[in-house]
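From first to last, the protein sequence lines are chains A and B.
Residue numbering for the first sequence is 1204 to 1470, as defined by our numbering.
Residue numbering for the second sequence is 415 to 655, as defined by our numbering.
It should be emphasised that the hints constitute simulated quantities derived from the structure, not laboratory data.
Be careful, since some hints might not be right.
Claimed, not checked - Sample of chain A residues facing chain B (criterion: CB under 7 angstroms; computed from the structure): (1) F1225; (2) G1277; (3) V1288; (4) H1303; (5) I1311; (6) G1379; (7) Y1430.
Unchecked claim - Footprint (simulated), chain A over chain B, 3 or more residues, beta carbon under 8 angstroms: (8) 539-545; (9) 641-648.
Yeah, the Cβ is synthetic: ideal placement off N, Cα and C, and Gly gets one too.
Single-letter residue listing:
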Amino acid sequence: MPLEEAIGSLLNDGDSVAFEGFTHLIPFAAGQEAIRQGKKDLELVRMTPDLIYDQMIGAGCARRLVFSYGGNPGVGSLHRLRDAVENQWPAPLELEEHSHAGMVNRYIAGASGLPFAVLRGYAGTDLPDHSEVGEVTCPFTGEVLSAVPALRPDLTVIHAQQADRQGNVQLWGIPGVQKEAVLSAARSLVTVEEIVDELTLQPGGVIIPSWEIDAVSHVPNGAQPSYTHGYTTRDNDFYREWDEISRSREAFGEWLDRLTAGEGDES
Amino acid sequence: MSFDSAELMTVVAARQLQNDQSVLVGVGRPSHAAILAKRTHAPDLVLIYESGTIDADPDSIPLSIGDPELAATSTSVVSLPDIFNYWLQPGRIDVGFLGAAQIDRHGNLNTTVIGEYDHPRVRLPGAGGAPEIARSCQEIVVTLPHSARTFVPELDFTTSLCRSDGEGSMVVVTDLGVLETSDQHDELELTATFPGIGVGEVQDQTGWELKVAGDVAEVAPPTAEELEVLRSLGSKPKAVR
Chain A
1204 MPLEEAIGSL
1214 LNDGDSVAFE
1224 GFTHLIPFAA
1234 GQEAIRQGKK
1244 DLELVRMTPD
1254 LIYDQMIGAG
1264 CARRLVFSYG
1274 GNPGVGSLHR
1284 LRDAVENQWP
1294 APLELEEHSH
1304 AGMVNRYIAG
1314 ASGLPFAVLR
1324 GYAGTDLPDH
1334 SEVGEVTCPF
1344 TGEVLSAVPA
1354 LRPDLTVIHA
1364 QQADRQGNVQ
1374 LWGIPGVQKE
1384 AVLSAARSLV
1394 TVEEIVDELT
1404 LQPGGVIIPS
1414 WEIDAVSHVP
1424 NGAQPSYTHG
1434 YTTRDNDFYR
1444 EWDEISRSRE
1454 AFGEWLDRLT
1464 AGEGDES
Chain B
415 MSFDSAELMT
425 VVAARQLQND
435 QSVLVGVGRP
445 SHAAILAKRT
455 HAPDLVLIYE
465 SGTIDADPDS
475 IPLSIGDPEL
485 AATSTSVVSL
495 PDIFNYWLQP
505 GRIDVGFLGA
515 AQIDRHGNLN
525 TTVIGEYDHP
535 RVRLPGAGGA
545 PEIARSCQEI
555 VVTLPHSART
565 FVPELDFTTS
575 LCRSDGEGSM
585 VVVTDLGVLE
595 TSDQHDELEL
605 TATFPGIGVG
615 EVQDQTGWEL
625 KVAGDVAEVA
635 PPTAEELEVL
645 RSLGSKPKAV
655 R
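Bound conformation, chain A alone (with noise of 0.2 angstroms):
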């Protein structure tokens, strides 16, 4: 299915979606679609903002972030993030904010179709007061550990190296928490840099079956300016380039003018 057909189809406004992928395979393409078919009101699930959502807080699509790491990584700050939570431009942004082992095992629960999560943490820190965490007491031992609640995106959007005819598809290297994010969703849309006739499995391959999926789009380079594992290598000069794009509101609005006019690559 082409992207715009994908975007346009499985992602309304107001809905909770989850663009997953830590650090490699961020599916910046698809959330640059969702920008430029002017997505709104969205709650947006993800364990590191990072650019796809500087980018898609700054176009205005966003009304709620949920996460657990707001930073340009190895660079410093979100600016756009920063700017929403700081000076509400371009609109406020409700915050729920996690640790990476809280998020991690919310998505677990979800796609374990379970209503919560374990896990040690939380306790003593001031984030359950900005957070959904609870307490439970196990039966078995008596410890008191917190619970997480289960992550249901409406739909979970991720990038993968290849899928095949049917619709299977095939992710490796880093492989990060995109199973559980695909598994907790109630749709799913995945771009893949190849089609292939037939998958052949990589070591450390992981094969999400097309009955889990419900739509994949061709999109080669689609995580740029990450990146994808044996094909496409990360844009380190962009993340550090972001840092300058991304501080003032005049230079953002160039890039977006630029990105909305569809010029070019806009990774």
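For chain A, the structure is supplied; the task is to place chain B on it using the hints.
Okay, now just chain B, sitting in the frame of chain A:
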């Protein structure tokens, strides 16, 4: 060989790591320090990045914790559920490396906001893996610049709690000296200062009455080897002031 305090800070952080340990590394100074340790006194040090790359051996300094170089040089690449639930939470990783915008006298850390949460003066990145690293690793190494703005009497937000149960230890390396917690008390104690830095100067940059060890050592300057290897890594961490 001349050196600056940012270089010495990285070198001192590297010296905290032992050859038989595993360390959970972040990007920036932690990566420089861990790779420096591995190239000098701790060749068998196991570097683990929270992206899921276990026993990484990068040739260059990664910009992000999930750079292709890390995945390509690792013994094992695992998922995030694996890294957080099977490796970190049960205490399989010995040392955790953390940074922070604020630290208090107990070693608790703030990486969330400066100012009030709902109307922050500065919105920082947030928790990431830090709260569980702080509670799961036996030994925590924190690096941050030393000033009254970072060493505060009360955190604006408690993101990560230092283990004060006597089971873990913390070493804080700043650009002025070294502070440590021990089993006997749950408060940071100044144990060493950088060459040319007096205890009074450290106190002036600390927002509480500093606990000072009976015998404050002077940190040994970087050896020629340490400096040479550190500089060969390139992309030097930012100077801290």
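> So which of those numbered hints doesn't the model satisfy?
Replying inline: Hint 9 alone not satisfied by this model.
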